[in-house]
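Spelled out from the first residue to the last, the chains are:
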Amino acid sequence: MTLPNAIPNLTIVHSASEADQTQRVQAVQIDGFSAYYGKNCILSDVNMNLSDKGVTCLLGPSGAGKSTLLRWLNRINEETEQASCSGTVKVLGRDLWQGYSDVTQLRRSVGMVFQQPCVFPCSIYDNMLMGLRNLKFSKSETKQLIEESLKQAALWDEVSHRLESPATSLSLGQQQRLCIARALTLKPNILLLDEPTASIDPVSSRAIESLVVALGKDITIIMVTHNIAQTKRIADHVVFLCDGKIVEQGSRSHMFSRQSSEKTRTYITEEFCDC
Amino acid sequence: MFKGMNQRLLTEKIFALMARASLCVCVSVLLFLLGSIFARGIEAISLEFLFTPAKEFGKSGGIFYQLLGSLLIVLVAAILVSPIALGTALFRNAYCSNAKLTHVLDQCLYALNAIPSVTYGIFGLIFFVNLFNTGISWFVGSIILSIMILPTVTLSTYQAMACVPKIYHENAAALGLTQAQIIRRITLPQSFHGFVTGLLIGLSRAIGETAPIMFIATAFSGVQVPRSLVEPVSTLPTHILELAQQASDPQALRNAWGASLTLILLAGLFSGLALLMRSRLKSEGHR
Amino acid sequence: MSALVSPRSRQELRARDGVKIYCQLSAILSILIVGVILLTLVFQSGPVMFAENTGLFGTRWNPNEGVYGVIPMVFGSIFVMLIATLIAFPTGLMTAIYISETRSSKLRRLFKSTLEVLAGIPSIVYGLIGVAYLNRWVANIFDLQSGRVILTAGILLGIMILPTFLTLAEDAISAVPMRFRENAKSLGLYRHEVFGSAIFPQARNGIAGAGLLALGRALGETMAVMLVIGSLDRLPSPLFNPLSSGQTITSKLGREVGESAFGSIHFSALVFMSLILVVITITLTILSHYFLNRKHAHV
Numbered sequence: 096m097t098l099p100n101a102i103p104n105l106t107i108v109h110s111a112s113e114a115d116q117t118q119r120v121q122a123v124q125i126d127g128f129s130a131y132y133g134k135n136c137i138l139s140d141v142n143m144n145l146s147d148k149g150v151t152c153l154l155g156p157s158g159a160g161k162s163t164l165l166r167w168l169n170r171i172n173e174e175t176e177q178a179s180c181s182g183t184v185k186v187l188g189r190d191l192w193q194g195y196s197d198v199t200q201l202r203r204s205v206g207m208v209f210q211q212p213c214v215f216p217c218s219i220y221d222n223m224l225m226g227l228r229n230l231k232f233s234k235s236e237t238k239q240l241i242e243e244s245l246k247q248a249a250l251w252d253e254v255s256h257r258l259e260s261p262a263t264s265l266s267l268g269q270q271q272r273l274c275i276a277r278a279l280t281l282k283p284n285i286l287l288l289d290e291p292t293a294s295i296d297p298v299s300s301r302a303i304e305s306l307v308v309a310l311g312k313d314i315t316i317i318m319v320t321h322n323i324a325q326t327k328r329i330a331d332h333v334v335f336l337c338d339g340k341i342v343e344q345g346s347r348s349h350m351f352s353r354q355s356s357e358k359t360r361t362y363i364t365e366e367f368c369d370c
Numbered sequence: 128m129f130k131g132m133n134q135r136l137l138t139e140k141i142f143a144l145m146a147r148a149s150l151c152v153c154v155s156v157l158l159f160l161l162g163s164i165f166a167r168g169i170e171a172i173s174l175e176f177l178f179t180p181a182k183e184f185g186k187s188g189g190i191f192y193q194l195l196g197s198l199l200i201v202l203v204a205a206i207l208v209s210p211i212a213l214g215t216a217l218f219r220n221a222y223c224s225n226a227k228l229t230h231v232l233d234q235c236l237y238a239l240n241a242i243p244s245v246t247y248g249i250f251g252l253i254f255f256v257n258l259f260n261t262g263i264s265w266f267v268g269s270i271i272l273s274i275m276i277l278p279t280v281t282l283s284t285y286q287a288m289a290c291v292p293k294i295y296h297e298n299a300a301a302l303g304l305t306q307a308q309i310i311r312r313i314t315l316p317q318s319f320h321g322f323v324t325g326l327l328i329g330l331s332r333a334i335g336e337t338a339p340i341m342f343i344a345t346a347f348s349g350v351q352v353p354r355s356l357v358e359p360v361s362t363l364p365t366h367i368l369e370l371a372q373q374a375s376d377p378q379a380l381r382n383a384w385g386a387s388l389t390l391i392l393l394a395g396l397f398s399g400l401a402l403l404m405r406s407r408l409k410s411e412g413h414r
Numbered sequence: 004m005s006a007l008v009s010p011r012s013r014q015e016l017r018a019r020d021g022v023k024i025y026c027q028l029s030a031i032l033s034i035l036i037v038g039v040i041l042l043t044l045v046f047q048s049g050p051v052m053f054a055e056n057t058g059l060f061g062t063r064w065n066p067n068e069g070v071y072g073v074i075p076m077v078f079g080s081i082f083v084m085l086i087a088t089l090i091a092f093p094t095g096l097m098t099a100i101y102i103s104e105t106r107s108s109k110l111r112r113l114f115k116s117t118l119e120v121l122a123g124i125p126s127i128v129y130g131l132i133g134v135a136y137l138n139r140w141v142a143n144i145f146d147l148q149s150g151r152v153i154l155t156a157g158i159l160l161g162i163m164i165l166p167t168f169l170t171l172a173e174d175a176i177s178a179v180p181m182r183f184r185e186n187a188k189s190l191g192l193y194r195h196e197v198f199g200s201a202i203f204p205q206a207r208n209g210i211a212g213a214g215l216l217a218l219g220r221a222l223g224e225t226m227a228v229m230l231v232i233g234s235l236d237r238l239p240s241p242l243f244n245p246l247s248s249g250q251t252i253t254s255k256l257g258r259e260v261g262e263s264a265f266g267s268i269h270f271s272a273l274v275f276m277s278l279i280l281v282v283i284t285i286t287l288t289i290l291s292h293y294f295l296n297r298k299h300a301h302v
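Listed in order, the protein sequences are those of chains A, B and C. Read in order, the letters of the first sequence are residues 96 to 370 in my numbering. Read in order, the letters of the second sequence are residues 128 to 414 in my numbering. Read in order, the letters of the third sequence are residues 4 to 302 in my numbering.
So here's chain A without its partners, still in its complex pose:
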């Protein structure tokens, strides 16, 4: 099943040959990117390339600009007052601004889940339907998509018997997984997660972590976190940001054992950063 939002030659891949084709397109390419709130510079001259599927963690102390970076990747930050940016960003091989005729097309291929679980005050099913409703799927297709997504988010077993009950009746951890499932209904190529476990109890956090790892096998996941242990558990690729700059980036093994920067080392060992 193809989704209408899927960008030509970037459709969701099912066969190996197609997969090879899409591999050539880089998921995210950022060059000389700076972001501002009013006159305050939040990010300066960020360069970053993510070509692989898998889980990328944006790690750093609070105020480093991780969330800002993430929020620009699907242009949700445009809605924030006084936010502006400069530089080039390419998502899925296309320019973030010129490459997408309208922003909703971008946002359908780049899903996002926020720190605070946010379910709409309607039933679980209607929550799942939110992004699909206007895409003209048949009823059975819609149902199938919703079921698939809920299964992917490991929520199906818990909610399949009560899809019509209000989403607010779920626990916080379930709500967050519902948010992830909701984002997955659109079959995004990239999923942005903004500290998805920050406001959730440890047990649910673990459930979400294993979910993220599983999802990372199929799509690109970019996740903001300041939790070093968590990064160690789930990341394939780590980008360490501090004070609006990328200090170091590399694979997990590189970042945790062979880091080249002294700053990275102190942060990882002592959770302290003096920049």
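Hints were generated in silico from the structure; no laboratory data involved. One or more hints might be untrue.
[Unchecked claim] Within a straight-line C-alpha distance of at most 25 Å, the following computed DSS-like cross-link-like pairs (lysine-lysine) qualify:
no.: 1; chain 1: C; residue 1: K23; chain 2: B; residue 2: K227
no.: 2; chain 1: A; residue 1: K246; chain 2: A; residue 2: K234
no.: 3; chain 1: B; residue 1: K293; chain 2: B; residue 2: K227
no.: 4; chain 1: C; residue 1: K23; chain 2: B; residue 2: K293
no.: 5; chain 1: A; residue 1: K185; chain 2: A; residue 2: K340
no.: 6; chain 1: A; residue 1: K231; chain 2: B; residue 2: K293
no.: 7; chain 1: A; residue 1: K134; chain 2: C; residue 2: K109
no.: 8; chain 1: A; residue 1: K312; chain 2: A; residue 2: K148
no.: 9; chain 1: A; residue 1: K358; chain 2: A; residue 2: K340
no.: 10; chain 1: A; residue 1: K246; chain 2: A; residue 2: K231
no.: 11; chain 1: A; residue 1: K148; chain 2: A; residue 2: K231
no.: 12; chain 1: A; residue 1: K312; chain 2: A; residue 2: K185
[To be verified] Derived coverage of chain C by chain B (criterion: at least 3 residues anywhere in the stretch with Cβ under 8 Å from a Cβ of chain B; other residues may be distant):
no.: 13; region: 129-137
no.: 14; region: 278-284
What you are looking at is a predicted structure, and each value in this text was computed from that prediction instead of being measured. All C-beta atoms, glycine included, are put in the ideal place defined by N, C-alpha and C.
Based on the hints, put chains B and C in the right spot on chain A.
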């Protein structure tokens, strides 16, 4: 499937266009209203206009006695409403423990807010002018206006009282203060700004009202300063009403615009003071 | 010890009672006022209700013949209110959406404070504007002899209730937390879909409250309507012809209460209309507060 997308985009475009168009309509109406009132009003207004009495049924001369009458009637209304509004708000805040009674009191205040202004006029005409046989009297006008602004003042005072942190009451009570002392030392000083703000907003509303006072408190011409409680006065709104009914006469129309601008400036003065009060107290609270 | 305490406490007791009694009296007075107003209206509309052959619910009003049909006025009120609603609600709602969805809080503040100024313009001044401009424009556009018609009153009233509706509707929309917008937008929804599926369901009660409150205002508005509606005590023909003169309850009251003799059937018929009006506006307002309070309970 692509057709579906285009339809969505089209709806989006229409939606955005309608929102912009509505904003433009609102802004142009706003500019037109303020622009016409100010442009036409400033033509007519002058110190002489403000301080000379009306002549020839308002066609020439100024609005001196109308100005005085309006001020008199609303200021007395403010004096009349103050004790009742304060008492009612205090009762609701400090003494009313019965939820049902609070509900009834609230509904009564909402109902007072809902009663159309012309009905207040009719009530005043029946109850005071005829049953109490006062005749046309400016004081009855003040009473009616004070009833009209009672909900505004009471609700504003009450809201300010409800905002006083509970911990103040608890600490004061822990120091052994009685309820009356708590009211005097804590509740009143902490919520007085709400009372004044409500009063000013009520005044700015009352001064522009025509319908409640036109049957019971005002006469159109030949009125100067009243010497007793049961004499009529003339006011700005009723003056504008008379002049507006002779709108074909350019001279009358000109004076009507002058009186309108004066009225709006007076109302604006009251609501501006209320705004100032609110913002000043807010900043003090932050300190 | 007890000797030390008791004189003070007796004094305090008296003070406390004084304050308490004063507060209770004020509250009772507040409630009493509403009761007295309603009772006065009911008693004074008694004569016309019990008099015979007044045709109270007919379509003719003629004091000389002793016929007091209130239908033309009730119809006029509703008709004018409908026109005002058709103008104010869509415009107000779309503008409220625009303002609440804008990124600039400066624009928002500016607009809100200007609206407060607009809401503060006395109704008689709106009436003057109606007489001086609107009236003539309507006459010119529709080629009428006089612009004092139902349409003029409706437009003027629409302009008058616009600020009330707009501010309250905007408050309701802005009260929906930002995260719902962000989540809906992240699902690739267009702005109208974000509003329709994420914002509106949560702002619905607030918007309904705003609408009902504005309706109440529209029904009770006197001076401006009275000056531009043309004061014709007949049903328009054809019935929904906005270009004919008409009469609303309020304009009728404003015109005739001063002229009718106290205690007459004529006066009683006017009070009866006023009673109808009060019952409707109080119901609308209490309903609107119900909606507005429910909104707060939700958020």
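We went through each hint and held it up to the structure:
As the CA atoms of K23 (chain C) and K227 (chain B) are separated by approximately 19 Å, the hinted pair is consistent with the 25 Å bound. Our distance criterion of 25 Å between C-alpha atoms is met by K246 (chain A) and K234 (chain A), whose separation comes to about 18 Å. As the CA atoms of K293 (chain B) and K227 (chain B) are separated by approximately 22 Å, the hinted pair is consistent with the 25 Å bound. At roughly 20 Å between alpha-carbon atoms, K23 (chain C) and K293 (chain B) fall within 25 Å of each other, so this suggested pair holds.
A C-alpha spacing of about 19 Å is found between K185 (chain A) and K340 (chain A), which places the hinted pair at or below 25 Å, so the restraint holds. Taken as a hint, the K231 (chain A) and K293 (chain B) pair is broken in the structure, with Cα atoms around 54 Å apart against an allowance of 25 Å. The straight-line distance between the Cα atoms of K134 (chain A) and K109 (chain C) is roughly 16 Å, inside the 25 Å bound, and the hint therefore holds. For a cut-off of 25 Å, the pair hint linking K312 (chain A) to K148 (chain A) stands: about 7 Å separates their Cα positions.
Our distance criterion of 25 Å between C-alpha atoms is met by K358 (chain A) and K340 (chain A), whose separation comes to about 12 Å. Of the supplied pair hints, the one linking K246 (chain A) and K231 (chain A) holds, its CA atoms being roughly 22 Å apart against a limit of 25 Å. As the CA atoms of K148 (chain A) and K231 (chain A) are separated by approximately 29 Å, the hinted pair breaks the 25 Å bound. A C-alpha spacing of about 22 Å is found between K312 (chain A) and K185 (chain A), which places the hinted pair at or below 25 Å, so the restraint holds.
By the rule of at least three residues with a Cβ nearer than 8 Å to a Cβ of chain B, the coverage given for the region 129-137 of chain C holds, with 6 such residues. Restraint check on the region 278-284 of chain C versus chain B: 3 residues with Cβ-Cβ distances below 8 Å, three needed, restraint holds.
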